[in-house]
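Sequences listed follow chains C and P, in order.
Note that numbering that gives the first Met the number 0 gives residue 55 to position 56 of the first sequence, counting from 1, and the numbers run on in steps of one.
Note that numbering that gives the first Met the number 0 gives residue 61 to position 62 of the second sequence, counting from 1, and the numbers run on in steps of one.
Hints may be right or wrong, so weigh each one.
[What the hints assert, rightly or not] Which residues of chain C face chain P? A few of them, derived with a C-beta cut under 10 Å, are:
1. 27
2. 37
3. 47
4. 50
5. 51
6. 64
7. 65
8. 76
[Stated by the list, open to error] Each pair of labels, with its calculated beta carbon distance range:
9. C:19 x P:229: 20 to 26 Å
10. P:229 x C:22: 50 to 56 Å
11. C:21 x P:172: 47 to 53 Å
12. P:149 x C:24: 50 to 56 Å
13. P:229 x C:24: 53 to 59 Å
FYI, nobody ran anything at the bench for these hints, they're computed from the structure.
Idealized CB from N, CA, C, for every residue including glycine.
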Amino acid sequence: MANGEHLGEFEQMILTALMLLGSGENAYGMTVHAKVEELAAGLRAVSLGACYTTLDRLEQKGYVRSWFGGATEERGGRSKRFFEITGSGELAVRNALRVADNMVTGLREIGGVV
Amino acid sequence: MRILRLLFVGVASASVLQTPIGSWIASLGSPCTYLQRPLHGEDVTCDVRTEEAVEDALNVLHCSRNGSVFKRFTIINTTGQSTPPKKWFGRGFTVEDAIDPHLVLDPKLAFALFLCGMLALNISKRVLFERHRSGVPRNAEFLFYLFLDPKNCDALVGDLVERYKLIHKKFGRRRANFWYWWQTAISLGPIVSAWLKRVVIKPALALIGWAVAKGLVGHDGWLAALVEVVKKVRS
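All chains should be modelled from the sequences, with the hints used to inform the complete structure.
What follows is the structure, given as structure tokens:
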């Protein structure tokens with residue numbers, strides 16, 4: 000992983016959401032928030048502010064890159080901030096999923112998980 | 000709601016037009032219809048017994064002839080002398096409707112002015128209060144401006160506005176405002192903590208680190224004293 004950083008649970012969710020939304024201009028604050036809420040499946044509360052601060056942190060770590068779009072009328076003349084996962088971000092998610100997969104496999108072997 | 004508001008504005012404009020000032024405003028440069036020609040010597044035969052009946056009869060007469068409503072009538076007798084109406088309870092008299100020079104609006108023009116006033120008021124209201132009418136709660140928005148950098152703030156508030164408008168359209172202003180405040184409340188926690196980390200904790204840690212380093216290297220008096228106190232407490 001980049002800089003030897005580990006991903007927190009919420010960071011994993013954000014990166015996964017970005018992977019699901021794909022590249023281009025699909026991923027911005029509201030869509031990321033909606034996707035993360037979908038992933039959380041009501042198990043944890045997700046606020047838009049938390050999404051933004053986490054995305055900022057991930058950008059500083061180099062897992063995400065962002066750029067600003069043009070201002071639109073429906074947003075009261077405010078611009079959108081689009082996000083995209085980077086290669087190191089994808090790698091970080093895969094590594095995290097591999098760890099989670101190992102945990103699930105281990106638990107299955109002893110019958111701890113259905 | 001919008002229709003009711005328009006109706007209210009329309010009625011208000013019409014009420015204003017009914018006042019002398021409104022009439023004067025309306026008469027400025029507009030082709031208002033004044034009754035130019037008093038009807039001299041019109042014979043009116045009415046069987047009237049009361050003053051009100053005389054006026055009613057005259058109203059009916061003039062309305063039917065001119066298509067206008069007169070505000071005041073002076074009833075004169077056949078000799079042409081002005082006489083108070085109360086003396087003319089009887090059968091058969093001649094009137095001259097000495098028309099009140101006060102503006103009498105043509106109904107069509109009045110309706111046109113009514114619509115113009117309605118439109119003008121509605122437009123000015125929209126121009127003046129656009130931000131408040133379609134905008135999000137200002138105080139909640141301001142909280143984001145306190146703790147976020149301008150670009151991030153614009154992006155986040157823009158996202159909220161986008162959703163706010165949808166909710167406003169679907170559920171009305173009150174629920175949309177509630178939703179916006181709720182989102183602000185739950186969003187502020189992580190934002191403020193990130194802000195504290197960036198603005199307060201990191202500089203404070205840097206300052207402490209600097210002080211410790213300086214103390215260790217230079218053996219400043221206050222730091223040495225502090226170290227002594229810590230040592231004593233520990234022992």
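> Does residue 47 (chain C) pass the interface check with chain P, least Cβ-Cβ distance below 10 Å?
Replying inline: Where the cut-off is 10 Å and the nearest Cβ of chain P is about 5 Å from residue 47 (chain C), the hint holds.
> Between residue 149 (chain P) and residue 24 (chain C), is the Cβ distance one that fits in 50 to 56 Å?
Replying inline: violated (21 Å)
> Given residue 37 (chain C) as an interface hint, is the shortest Cβ-Cβ distance to chain P below 10 Å?
Replying inline: Since the shortest Cβ distance to chain P is 15 Å, the answer is violated.
> Do the Cβ positions of residue 21 (chain C) and residue 172 (chain P) conform to the proposed distance bound of 47 to 53 Å?
Replying inline: violated (35 Å)
> Is the hint on residue 65 (chain C) kept, meaning its closest Cβ partner in chain P is under 10 Å away?
Replying inline: holds (9 Å)
> Does residue 51 (chain C) pass the interface check with chain P, least Cβ-Cβ distance below 10 Å?
Replying inline: holds (5 Å)
> residue 229 (chain P) and residue 24 (chain C), beta-carbon distance inside 53 to 59 Å?
Replying inline: Given range 53 to 59 Å: holds, Cβ gap about 56 Å.
> Per the hint of 50 to 56 Å, is the separation of the Cβ atoms of residue 229 (chain P) and residue 22 (chain C) within bounds?
Replying inline: Holds - the Cβ-Cβ distance for residue 229 (chain P) and residue 22 (chain C), about 54 Å, lies within 50 to 56 Å.
> Does the CB of residue 27 (chain C) sit less than 10 Å away from some CB of chain P?
Replying inline: holds (7 Å)
>> Does the closest beta carbon of chain P sit nearer than 10 Å to the beta carbon of residue 50 (chain C)?
In response: holds (9 Å)
> Against chain P, with CB atoms and a cut of 10 Å, does the hint on residue 76 (chain C) hold up?
Replying inline: It holds, given that the least Cβ distance between residue 76 (chain C) and chain P is near 8 Å, below 10 Å.
> Is 20 to 26 Å right for how far apart the beta carbons of residue 19 (chain C) and residue 229 (chain P) are?
Replying inline: violated (52 Å)
Violation of the numbered hints given earlier is confined to hints 2, 6, 9, 11 and 12; the remaining hints are satisfied by the structure.
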